[in-house]
Amino acid sequence: MRRQRRLARDLLFRTLMYVAAAVALLPLSLVLAYTISNGWRAALQPDFYLHFERPEGIPGAGVQHAIVGTLELVGMASLIAIPVGVLAGTHLAEYRQHSWASWVRLAGDVLVGTPSIAIGLFAYAVLVAPFHHFSAFSGAGALAVLMLPVVMRTTEGALLLVPPGLREAGLALGLPRWRVALQLMLRAGAPGVVTGALLAVARAAGETAPLLFTSFGNRRLIFNPAEPMQALPLTVFHNALTPYKDLQDQAWGAALLLVVLVLIVNLASRFALRRQLALAARTG
Amino acid sequence: MASATVSTAQTNRRPPLEGFRVVTALVAAAAPLALLAIVVILAQQAWPAITHFGPRFLVSRVWNPVAVDFGALPYIFGTVVTSFLALALALPIGVGVALFLAETSRPRLRGAIGIGVELLAAIPSVVYGIWGLYVLAPWLYRHVEIPLNDRFANVAIFSGTPRQTSLLTAIVVLAVMILPTLSAVSRDVVRAVPNGLREGAYALGSTWWETTWRVVLPAARAGIFGASVLALGRALGETIAVTMVVGNRPDIQPSLFAPGYTLASVVANEFTEATGQLYSTALIELGLVLVSVTLVVNVAALLLVRTVDRG
Chain L
1 MRRQRRLARD LLFRTLMYVA AAVALLPLSL VLAYTISNGW RAALQPDFYL
51 HFERPEGIPG AGVQHAIVGT LELVGMASLI AIPVGVLAGT HLAEYRQHSW
101 ASWVRLAGDV LVGTPSIAIG LFAYAVLVAP FHHFSAFSGA GALAVLMLPV
151 VMRTTEGALL LVPPGLREAG LALGLPRWRV ALQLMLRAGA PGVVTGALLA
201 VARAAGETAP LLFTSFGNRR LIFNPAEPMQ ALPLTVFHNA LTPYKDLQDQ
251 AWGAALLLVV LVLIVNLASR FALRRQLALA ARTG
Chain H
1 MASATVSTAQ TNRRPPLEGF RVVTALVAAA APLALLAIVV ILAQQAWPAI
51 THFGPRFLVS RVWNPVAVDF GALPYIFGTV VTSFLALALA LPIGVGVALF
101 LAETSRPRLR GAIGIGVELL AAIPSVVYGI WGLYVLAPWL YRHVEIPLND
151 RFANVAIFSG TPRQTSLLTA IVVLAVMILP TLSAVSRDVV RAVPNGLREG
201 AYALGSTWWE TTWRVVLPAA RAGIFGASVL ALGRALGETI AVTMVVGNRP
251 DIQPSLFAPG YTLASVVANE FTEATGQLYS TALIELGLVL VSVTLVVNVA
301 ALLLVRTVDR G
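Those protein sequence lines, which keep their order, are chains L and H.
Under the working numbering, the first residue of the first sequence carries the number 1, and numbering increases by one thereafter.
Under the working numbering, the first residue of the second sequence carries the number 1, and numbering increases by one thereafter.
Everything labelled a hint here was simulated from the structure, so no lab data went into it.
Source: prediction; values computed, not measured.
Even glycine gets a Cβ: it sits at the ideal position worked out from N, Cα and C.
Misleading hints may appear alongside valid ones.
Just so you have them, the derived chain H footprint on chain L, three or more residues with Cβ under 8 Å [stated by the list, open to error]:
id	region
1	13 to 19
2	28 to 37
3	157 to 167
4	186 to 194
5	200 to 206
6	226 to 238
7	249 to 257
Between beta-carbon pairs, the in silico distance windows are [as the list claims (entries may be wrong)]:
id	chain 1	residue 1	chain 2	residue 2	range
8	L	12	H	194	52 to 62 Å
9	L	9	H	195	22 to 32 Å
10	H	276	L	19	46 to 56 Å
With the hints as constraints, model all of the structure from the sequences given.
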């Protein structure tokens with residue numbers, strides 16, 4: 001009798017664990033399904049990619065300005081955040097026992113959790129207010145702060161997967177530390193480092209809050225980074241809150257583009273990471 | 001004698017400070033410097049509001065740009081209520097997923113759930129926002145808010161007039177968004193529980209659930225607590241998705257179906273339109289409050305999770 005009750009309870013909680021896993025997948029599938037079903041019509045029209053904003057009600061409007069803006073903003077942010085993040089991550093992996101490395105690591109982890117809206121306010125105070133002008137530069141600065149800790153920590157993680165024998169072999173041959181770190185370790189860890197950089201790019205491309213008071217948004221196609229610039233997340237945010245159906249459709253279309261970008265980067269990075277892990281398992 | 005001098009000279013000689021180490025250490029300083037700069041700059045920018053309103057700012061319910069009188073309490077209320085209830089909603093599911101990812105022996109199913117949870121973390125906040133606004137909010141309104149309000153209108157948290165954009169919608173969206181953090185960190189903690197403990201419990205005749213409930217989860221308690229605090233930090237600072245669904249009204253009402261407002265949302269909505277020095281500095285002070293709280297929460301959580309990993 002008692003034994004049966006215990007077994008029944010065991011079965012109940014095992015089932016609940018499966019239920020929890022299923023419930024966790026539910027929102028993902030719902031978000032994907034609704035984004036695709038509401039966004040595909042807008043996203044499949046050529047005008048969507050060939051034109052920028054038009055007054056509401058006039059057909060043929062698109063989000064070209066937002067696509068170009070996102071590429072430019074994230075590109076500029078990457079130019080700052082990726083080299084700095086990779087070098088910082090190399091430092092963390094090469095000198096991991098030193099106390100400075102653990103301070104940097106803690107600061108990086110805290111920075112990852114810092115509200116992105118606060119990073120936007122910070123970028124506004126430093127890069128917008130002194131010039132009295134919203135600009136794509138300031139938006140890229142805010143995104144760079146956001147990307148930096150991600151690139152740094154994933155670089156460190158990728159370098160830790162490289163067998164330490166490689167470092168020892170290099171040092172034993174009398175190579176200077178910088179050559180061992182940059183030419184042996186970083187090259188061997190390259191797939192993981194690229195993965196981290198891509199994940200940071202995908203994360204930055206989807207961020208809205210840091211751009212609100214920096215890049216601000218623009219209704220036209222602009223290439224000059226000293227001007228305010230539109231980005232896809234800003235299009236989603238602003239258009240979704242309008243009462244106009246066609247602007248809402250554009251918002252869903254832009255959301256679909258962001259989701260597709262994020263999905264591709266994440267699945268590709270998974271593939272790259274698996275290769276790196278297999279390599280580490282074979283040689284390590 | 002001579003040989004002794006030579007050996008001390010040798011042991012005293014420090015290894016030459018490598019240029020590479022110095023350069024990369026300076027580059028790595030970018031992360032701590034950025035963190036420091038965010039806090040210092042926000043404090044400096046908020047200073048006019050801090051000196052003008054004093055500590056009253058944190059407990060005042062007034063938000064009146066015309067009279068230039070500002071208080072943070074409604075926003076603190078909204079932020080705290082949405083974040084803690086989202087955590088309460090997500091915690092059982094997150095722990096369930098963590099157990100699933102750490103304990104089931106079906107690699108393919110585990111892999112699928114793992115990828116799913118990771119993708120959940122990768123979806124941009126603004127996409128959760130538009131989904132929450134157009135899909136989740138109407139559904140919750142029709143299938144949760146209206147029925148509960150009809151039946152339990154005298155219960156405070158279900159009272160008032162239900163609204164689509166409400167604290168409840170924000171809570172559900174936030175719960176979804178913190179689920180990946182919660183389950184990924186908890187999974188690592190559960191995995192770190194020594195296998196000998198599990199084997200001991202099984203050897204004494206425990207079922208899987210008895211082992212999990214009496215041995216594994218108590219051993220992982222501190223780490224799961226750390227994961228919860230980390231997730232709480234994410235929820236407190238989440239901006240765009242919450243802004244789109246929370247209703248954006250600085251009220252303090254007991255009902256979950258009433259609109260609310262959070263620290264991050266009010267900054268996102270009003271900062272570019274704020275006229276006058278005190279108005280914009282008051283908003284920056286709200287940002288400073290938010291950063292300070294998340295900073296403390298995050299450091300505490302990281303220390304908790306780290307001690308668990310080491311032990």
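Against the structure, the hints:
| no. | hint | result |
| --- | --- | --- |
| 1 | 13 to 19 | holds (count 6) |
| 2 | 28 to 37 | holds (count 5) |
| 3 | 157 to 167 | violated (count 0) |
| 4 | 186 to 194 | violated (count 0) |
| 5 | 200 to 206 | holds (count 4) |
| 6 | 226 to 238 | holds (count 3) |
| 7 | 249 to 257 | holds (count 3) |
| 8 | L:12 <-> H:194: 52 to 62 Å | violated, 27 Å |
| 9 | L:9 <-> H:195: 22 to 32 Å | holds, 23 Å |
| 10 | H:276 <-> L:19: 46 to 56 Å | holds, 53 Å |
In terms of the numbered hints stated before, the structure departs from hints 3, 4, 8, listed from lowest to highest.
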